[in-house]
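Could you put together the complete structure from these sequences and hints?
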Amino acid sequence: MDNLNIATVYTGNNCTGEPIMIPVMPVRPELARAYVPYQLYNKIFSAQEGLKKGTVFPELVK
Amino acid sequence: MWFYDKKTQYPINIKKPDPRMAIAILTQYGGPNGELAASLRYLSQRFSMPTKEAKATLNDIGTEELAHLEMIGTMVHQLMDKVPPKELEKLHVDTNYVIHGRSVYPSDSNGVPFTAAYIESMEDPIANLNEDLAAEEKARATYDYLINIADDPDVIDPLRFLREREVVHYQRFGETLRIVQETMGKKKYY
Amino acid sequence: MDEQTTLLEQIMAYDFALYDLQLFLNTHPSDTNALRDYKMALEQSENLRRQYQSKYGPLTARYLPNTTCWQWINDPWPWNNKEV
Numbered sequence: 001m002d003n004l005n006i007a008t009v010y011t012g013n014n015c016t017g018e019p020i021m022i023p024v025m026p027v028r029p030e031l032a033r034a035y036v037p038y039q040l041y042n043k044i045f046s047a048q049e050g051l052k053k054g055t056v057f058p059e060l061v062k
Numbered sequence: 001m002w003f004y005d006k007k008t009q010y011p012i013n014i015k016k017p018d019p020r021m022a023i024a025i026l027t028q029y030g031g032p033n034g035e036l037a038a039s040l041r042y043l044s045q046r047f048s049m050p051t052k053e054a055k056a057t058l059n060d061i062g063t064e065e066l067a068h069l070e071m072i073g074t075m076v077h078q079l080m081d082k083v084p085p086k087e088l089e090k091l092h093v094d095t096n097y098v099i100h101g102r103s104v105y106p107s108d109s110n111g112v113p114f115t116a117a118y119i120e121s122m123e124d125p126i127a128n129l130n131e132d133l134a135a136e137e138k139a140r141a142t143y144d145y146l147i148n149i150a151d152d153p154d155v156i157d158p159l160r161f162l163r164e165r166e167v168v169h170y171q172r173f174g175e176t177l178r179i180v181q182e183t184m185g186k187k188k189y190y
Numbered sequence: 001m002d003e004q005t006t007l008l009e010q011i012m013a014y015d016f017a018l019y020d021l022q023l024f025l026n027t028h029p030s031d032t033n034a035l036r037d038y039k040m041a042l043e044q045s046e047n048l049r050r051q052y053q054s055k056y057g058p059l060t061a062r063y064l065p066n067t068t069c070w071q072w073i074n075d076p077w078p079w080n081n082k083e084v
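Residue numbers (the working numbering), protein chains in the order written: chain C, 1 to 62; chain H, 1 to 190; chain D, 1 to 84.
One or more hints might be untrue.
[As the list claims (entries may be wrong)] Straight-line Cα separation of at most 16 Å, EDC-like style, residue types lysine to aspartate or glutamate; simulated pairs: (1) K62/C to D144/H; (2) K7/H to D75/D; (3) K82/D to D154/H; (4) K52/C to D157/H; (5) K52/H to E18/C.
Treat the hints as calculated values from the structure; they're not laboratory data.
Here it is in structure tokens:
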């Protein structure tokens, strides 16, 4: 089930094993650590436009 | 192992030679923030990565950087190829020519040969990933500088593409760092 | 732009989309939306590659339409300029 603000990775192969939830930003960030917001999937560009822009992800065009 | 796909990742067809631009772009071939450094760094670090997502990310971004190395080499080659030597002398880029001719050689724009001192590969994945984030920003900034001095759209286009790839790579390394930090929080890692 | 270049640039576009999605999926392996889009791009790429190779020769060495001549070495290589 795709949660709105969480990505899931699994400890085992083939998306099995213990799920590890990763929120866009951590609920309790630790000191002395760097955190980059986790991207969530939305719409992607067409292949042609993606190639021109350098990514298929509109939110990553900077 | 690697297979070769007989095309560049992004179209490159430079119609107007420009030896000075060629030398400038060479920094992304064999320079400190260039694609050779990037590929060797990531492909070396991948061996000690602890999680499968990190191994895949280091492996696949390292592989993409080899494709970018090819793009840079192609651009340097097309900008220099067939330019008469007297022209190179007039433009003051003949110091490179007398050593390498108009070929592509892994050095920076000052002729300093590539060195592995540009990269680090430690056993500690958090140190490695933070270095990778820094490397992507430095590469992105270098493409900003190159785009600033370029005029030819045939040159600017692929440079803009390569610059955007650094932004995307930063995001993926950031996510990989999140995964490693999360996973290492769950079990002790020595 | 000639037909060969047009077709090759279409392949570049789909192969690039595949690679960008691959990097995303490496950190989001259970994202079914991304997987769906990857599958669609893969079908497009394979279809276009089949068309390209049958007309213009190999894109990889793993392509052998005949056993009388090794076409992998054919010009142009990717770093050569398109002849104007």
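Right, here's what the structure says about each hint:
1. K62/C to D144/H: holds, 12 Å
2. K7/H to D75/D: holds, 12 Å
3. K82/D to D154/H: holds, 13 Å
4. K52/C to D157/H: Measuring from Cα to Cα gives roughly 8 Å; hence the hint holds.
5. K52/H to E18/C: holds, 14 Å
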